[in-house]
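Note that the protein sequences, when read in sequence, are chains A and B.
Positions 672 to 783 (the numbering used here) are the ones given, in order, by the first sequence.
Positions -17 to 97 (the numbering used here) are the ones given, in order, by the second sequence.
If you're looking for bench data, these hints aren't it; they were derived computationally from the structure.
Mixed in with the good hints there might be a few duds.
The calculated DSBU-like cross-link candidates involving lysine-lysine, where the alpha carbons are at most 35 angstroms apart (straight line), are [to be verified]:
| no. | chain 1 | residue 1 | chain 2 | residue 2 |
| --- | --- | --- | --- | --- |
| 1 | A | K739 | B | K39 |
| 2 | B | K39 | B | K(-5) |
| 3 | B | K39 | A | K782 |
| 4 | A | K713 | A | K742 |
| 5 | A | K727 | A | K742 |
| 6 | B | K(-5) | A | K727 |
| 7 | A | K727 | A | K782 |
| 8 | A | K782 | A | K742 |
| 9 | A | K782 | B | K(-5) |
| 10 | A | K713 | A | K782 |
| 11 | B | K(-5) | A | K742 |
| 12 | A | K739 | A | K782 |
| 13 | A | K713 | A | K739 |
| 14 | A | K739 | A | K727 |
| 15 | A | K727 | A | K713 |
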Amino acid sequence: GESVGLHLPTLSVQEGDNSIINCAYSNSASDYFIWYKQESGKGPQFIIDIRSNMDKRQGQRVTVLLNKTVKHLSLQIAATQPGDSAVYFCAENIQGNNDMRFGAGTRLTVKP
Amino acid sequence: KAGVTQTPRYLIKTRGQQVTLSCSPISGHRSVSWYQQTPGQGLQFLFEYFSETQRNKGNFPGRFSGRQFSNSRSEMNVSTLELGDSALYLCASSLTPGSSGNTIYFGEGSWLTVV
């Protein structure tokens, strides 16, 4: 079936470097994409979202890029900090329902 | 304002028992959805409620059920518990169902262990 997946299960970066977490999706009907951060023992925390009529959206230190041609989503974190260490999930959603499909997640580790 | 609140945070049950988990959405949010998170299957959608009606249901057996009350609070129930039901159960709320800027916020989850 169609699903959302992640290219890399783990990512380790040096503090201060930029991080890029990638995600592939296969459901062409998906029109809304969200990135969540989940720290150990906590629920997913909303980071940033993007609709399919956009290809880039920026937040505080984070940027999401959407390439609909190749069905690819990425999350860029600038100047990565130790507090960014967590598992990051991308999720896809079809407008009109809350049935989000999540990727497997990427564990980001920031080394001091 | 307070976030999504789930109770209990941790619980241990025995196979064959049933369990009820509770969720209070963010004030003003009327849509509540439930997810199961396990190391093997990741985050999987259980069901979604809006205006006390189930709008959408994931691919889970009938042992998993839920409901929503008039104040938007929601409960989910799992009957005849199996070892494989051990998981983190997450509740999420949003103003209304669907996307288009309707941000979905998660609670901290209820950790269920079935022994």
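Cross-check of the supplied hints:
no.: 1; hint: A/K739 - B/K39; in the structure: holds, 27 angstroms
no.: 2; hint: B/K39 - B/K(-5); in the structure: holds, 24 angstroms
no.: 3; hint: B/K39 - A/K782; in the structure: violated, 41 angstroms
no.: 4; hint: A/K713 - A/K742; in the structure: holds, 29 angstroms
no.: 5; hint: A/K727 - A/K742; in the structure: holds, 14 angstroms
no.: 6; hint: B/K(-5) - A/K727; in the structure: violated, 46 angstroms
no.: 7; hint: A/K727 - A/K782; in the structure: holds, 28 angstroms
no.: 8; hint: A/K782 - A/K742; in the structure: holds, 31 angstroms
no.: 9; hint: A/K782 - B/K(-5); in the structure: violated, 39 angstroms
no.: 10; hint: A/K713 - A/K782; in the structure: holds, 21 angstroms
no.: 11; hint: B/K(-5) - A/K742; in the structure: violated, 42 angstroms
no.: 12; hint: A/K739 - A/K782; in the structure: holds, 33 angstroms
no.: 13; hint: A/K713 - A/K739; in the structure: holds, 31 angstroms
no.: 14; hint: A/K739 - A/K727; in the structure: holds, 11 angstroms
no.: 15; hint: A/K727 - A/K713; in the structure: holds, 28 angstroms
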